[in-house]
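Quick mapping for you: the protein sequence lines, in order, are chains A and B.
With the first letter of the first sequence counted as 1, position 177 gets the number 177 in this note's numbering; the numbers rise by one all the way through.
With the first letter of the second sequence counted as 1, position 203 gets the number 203 in this note's numbering; the numbers rise by one all the way through.
To be clear, the hints were calculated from the coordinates, so they are not data collected in a lab.
The beta carbon of each residue, even a glycine, is placed where N, CA and C say it ideally should be.
Fair warning: there could be bad hints in the mix.
What the hints assert, rightly or not - Pairs of lysine-lysine residues, derived as PhoX-like cross-links and limited to a Cα-Cα distance of at most 20 Å, are as follows:
hint, chain 1, residue 1, chain 2, residue 2
1, A, K51, B, K177
2, B, K240, A, K51
3, B, K250, B, K273
4, A, K225, A, K202
Stated by the list, open to error - Have a look at the derived ranges for each label pair, beta carbon to beta carbon:
hint, chain 1, residue 1, chain 2, residue 2, range
5, B, D324, A, D279, 18 to 26 Å
6, B, G334, A, K194, 18 to 26 Å
7, B, K240, A, D185, 55 to 63 Å
8, B, L43, A, S275, 41 to 49 Å
Said to hold, decoys possible - One-sided excerpt, in silico: chain B residues whose CB lies under 7 Å from chain A:
hint, residue
9, G107
10, P134
11, V135
12, A137
13, A139
14, W141
15, S142
16, A165
17, E168
18, F172
19, G256
20, N329
21, G335
22, R339
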Amino acid sequence: MAELTYRDAVAAGIAQEMARDERVVFLGEDVAAAGGVFKATVGLLEKFGPKRVRDCPISEQAIIGAAMGAAMTGLRPIAEIMFSDFLAVCWDMVANEIAKTRYMTNGQIALPLVIRTANGAGSRFGAQHSQAVENWAMAVPGLKVVAPATPADVKGLIAAAVRDPDPVLVFEQKSLYAMKGEVPDGEHVVELGKARVVRQGKDCTIVALALMVHRALEAAEVLEKEHGIACSVVDLRSLVPLDTQTLLSEVAKTGRLVTVEENPRLCGWGAEIASIVADECFWDLDGPIVRITTPHVPLPSADQLEDNTIPSAARIVREIREKID
Amino acid sequence: MDTKVKGKKAAAAKDIGRETRLALYRLQVELRYCEKRAYDLFLQNLVKGTSHLSLGQEAIAAGFGVAMRPDDWTFCTYRGHAHTLARGASMAGVLGELMGRECGLLGGKGGSMHLTDVSKGAMGSYAIIGAHLPVAAGAAWSAQYRGTEQVAVCFFGDGTTNIGAFHEALNFSVVWKLPVIFVCENNLYMEYTAIHTVTAVDHPAADRAGAYNLESVVIDGNDADEVYRTAVKYMTRARKGGGPALIEAKTYRHSGHSRADPAKYRPEGELEKWLERDPIKLYRERLAKLGVAEATLKDIEDETMRKVDEATAAAGASPTPSLDGIERNVWADGGAAWRN
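Just chain A, same shape as in the assembly (with noise of 0.2 Å):
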């Protein structure tokens, strides 16, 4: 084991696959000779060249456009879109052509493609760059995405989205890039679908995503101590495909659900896990779920702002004392 940043970890999964493979090729914004904006694409430049680590203009319609006729043609690219709020500005190709050509030419072309993107809050950015936004490729049919919540995920996750036939969009959470952890020496992969239970408890089951998880953990531990409440802490890791078995199961353990999201209120995915639950383990539920987001306002930038818009452990605390106890 080595430890890694969440950083170094991006770097390291997107190597191993770059080595393992001459079709996996690298694109986007200031990724190749500075290294990403987030440094986390540091080394890959210098290792594989400027004919598979490219870097691209300001252009995420040609960026994501051009990962798309590289994939449909034999190649397998990553491309990185700098902040996730700018899928917006590539939508298009990301929800009409790569989610849909599949199956709207009935299986005749594939797009085994990955798109890395830094998304979330925590940096003060203000609401064009802050965002979190993995509920809007999980409401399109066609998209596989993932949000790693620690360096060794992030590493396997980016992995496995590369080998996968099928196009996946990787959601990885900018404030975690300075985290350390663990990450496995030698080939490392985590497959897609599958969440990871982070703790065991037996009063509630919170399931989270990314940064949230870390919330869920912090929370948890004050529960426990201070509060003699035993909390399970689910990380899903990937939202499509969704590990509904275990969710299901950890939730008929505890009898409660819990769900922390950086998504605004509406239509974030804690409400699909909410209804999931509600119809498919209803009877082993011993109260209403409950769902901890974002207020459905747009992210303040100043410090004091953004903390208290995105949950924090103490409001997970606050609202699982309020509504579990």
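Knowing the structure of chain A, use the given hints to seat chain B on it.
For chain B alone, kept in the frame of chain A given last:
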């Protein structure tokens, strides 16, 4: 026979051989007859949804269709029946798709606006304006990366030149020196509106190309020989690493934008003027002047009509798609599962 033609025209005529010319004529007739059949089937309520006909624009699809290598790639728009057929896609597959039948190229899941036949290099018809220009550039990148000397050809209308993806793709392709040919079919109208009333330049595609240091040329899109010559020239250059080019082919659609459009916005006499310049009429006259026998031309036309009739019958006899298909082919495993 070409040698019998005298004067200036003869020089131009010699560079394209008789067999190629007959292939160009046959293909134009095929595209015309099949497109007319699609319209007839629509009038019989056998073709549903919408369809965008390219009657009058056949010389462009045919000129490229004959010039392209089998492993080259075509990317076209929702006005894509002709471009898909021009690569050799099955006519029954095209008509079947329009009619929503199982034999359709896409098994009834795409419809008129998404015709695709990857086995023939027809890499899709894209129904969002401009989207396929970057996609074609990406395919060209893949050819360049793998050193295959394949060329991606991307057809689009004049209206496309005012959307962002057009500009992004042109710049990107020049910077990366990609083997992609952009072909603007300038039929004078973006949907219902005359292109010159909404565009700052005279040649909506070619006049923009210069801003990206992209070599461009404006040609007569109703002359299949001129299209063919231009296609060969720029595709040959692109194969050898010479980079992209843009061709603006002036043409005219004989019908409205889509089935919903009676095209009443066109000034009186304009259609009639362009019908005089019907590419198939012009080409037939040229072949006759070059000495091709009337019987040869008639045979091509009769054979083509038989082929269209057979394709129509085959499509009509095909069942409607199985409902099992609804949840097939979202993913590479053939299914649609999003959960375990």
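How the hints compare with the structure:
1. K51/A with K177/B: 13 Å, holds
2. K240/B with K51/A: 18 Å, holds
3. K250/B with K273/B: Roughly 14 Å separates the two Cα atoms, so the pair holds.
4. K225/A with K202/A: 14 Å, holds
5. D324/B with D279/A: 18 to 26 Å: This hint holds: roughly 24 Å between Cβ atoms.
6. G334/B with K194/A: 18 to 26 Å: Distance hint for G334/B, K194/A holds at roughly 21 Å.
7. K240/B with D185/A: 55 to 63 Å: 46 Å, violated
8. L43/B with S275/A: 41 to 49 Å: 46 Å Cβ-Cβ, so the 41 to 49 Å window holds.
9. G107: 4 Å, holds
10. P134: P134/B check passes; min Cβ-Cβ to chain A is 2 Å, inside 7 Å.
11. V135: V135/B check passes; min Cβ-Cβ to chain A is 4 Å, inside 7 Å.
12. A137: OK, holds: A137/B within 7 Å of chain A, min 5 Å.
13. A139: Where the cut-off is 7 Å and the nearest Cβ of chain A is about 4 Å from A139/B, the hint holds.
14. W141: 5 Å, holds
15. S142: 4 Å, holds
16. A165: Since the shortest Cβ distance to chain A is 5 Å, the answer is holds.
17. E168: Constraint on E168/B satisfied, holds at 4 Å.
18. F172: The hint holds - F172/B has a Cβ within 7 Å of chain A, the shortest such distance being about 4 Å.
19. G256: 24 Å, violated
20. N329: Hint holds; N329/B Cβ to chain A Cβ min 4 Å, cut 7 Å.
21. G335: This hint is violated: G335/B lies away from chain A, its Cβ roughly 11 Å from the closest one there, beyond 7 Å.
22. R339: At 4 Å from the nearest chain A Cβ, R339/B passes the 7 Å test, so the hint holds.
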